[in-house]
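*Asks:* The chain contents come next:
Number of protein chains: 2
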Amino acid sequence: MGRRSNKEERQEALRRYLRINPFATDEELAEKFKVSVPTIRLDRLALGIPEVRERIMAMAREARTRVRGVTTEDIVGELVELQPGSLGISILEITPQMLVQPAGVARGHYLFAQAHTLALATVGAEVVLTSSARVRYRRSVYAGERVVARAMVKVKKGNACLVSVHSRVNGEIVFKGQFIIITP
Amino acid sequence: MGRRSNKEERQEALRRYLRINPFATDEELAEKFKVSVPTIRLDRLALGIPEVRERIMAMAREARTRVRGVTTEDIVGELVELQPGSLGISILEITPQMLVQPAGVARGHYLFAQAHTLALATVGAEVVLTSSARVRYRRSVYAGERVVARAMVKVKKGNACLVSVHSRVNGEIVFKGQFIIITP
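Chains A and B are the protein sequences, given in the same order. Reading the first sequence from the start, the letters are residues 1 to 184 in the UniProt record's numbering. Reading the second sequence from the start, the letters are residues 1 to 184 in the UniProt record's numbering.
Derived from the structure by calculation, the hints contain no laboratory data. Just so we're clear, the structure is a prediction, and the values are computed from it rather than from any experiment. Just so you know, nobody snuck in bad clues.
Identical copies carry no separate label here, and so any pair may be met within one copy or between two of them.
In the DSS-like style, the derived pairs of lysine-lysine whose C-alpha atoms are separated by at most 30 Å in a straight line are:
id: 1; residue 1: K7; residue 2: K32
id: 2; residue 1: K176; residue 2: K32
id: 3; residue 1: K176; residue 2: K154
id: 4; residue 1: K34; residue 2: K7
id: 5; residue 1: K176; residue 2: K157
id: 6; residue 1: K156; residue 2: K176
Full structure from sequences and hints, please.
*Replies:* Below you can see the structure in the form of structure tokens.
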């Protein structure tokens, strides 16, 4: 009886958590809810929530229809949310090809390219040109990590836009960037 | 008689010019010396100076032997000069794959990647980590253009290095960057 209500509580919490963190993997969810990965899979099945890859694909299909100024192929990472002129989110999975040898960490310009292309898409104009950028690397990123970048249009002044991007791995900030983008 | 000494003067000027601008193409030289491209080719033949591609390859072979901290494959563009701890030069030819559609200009993160990887190589340490970067895009870059990036280590303080990079097309600055690089 008690166990059943635990399970229901957990599933309700899981549903709420995924609404805010739709990109969490089963592994991350298992750790968060202190259960096994198969348990999370059964919970998702019971709730009718598809696996992370499918959730991302569905959001990506939706987001892609709103891209202007760059093509979706230009975007480094998978665009999963886009409110042109306001907000954009993309996910970049770090693959072994992205690593600097011999250090074994992701090349910094991949994080830059993810943030930069996301910033351009987030501006949402037909023509976008980057004027300047300031970026800060907070910690090294490793193979297998998923970098979630979130871009926000902070200031619009004339034909210039300031876009701020925060990139996180498991909620921890790994990269911050500010881009001044011109829409001539 | 007069024509011959004109030719000798031009060849001497050409030799001097190429010592300072070893990456000039025959087309650029023809424009600079107000003669035809075949004339430049004959001049180079007379002087025993190989074509630009070969000159770059020879310098690149030499520069590559001095790379530390990154692998030569990591470097975006062709590394043509490297004095570790002091100076580095690389050349990036803009290919159609690097263009943003529909604008038709080179994606800004290629210029960033060229400058960034060059800055890392120029530091010349076994392990290099980027802490932050400030970059400025001065003008758009188009297909077929050759971007010559020049990196200089400006300040060393403890385990941090400030590397300044200027990227030019035909002598005109198209991009400037400053990178803070840590050598732990």
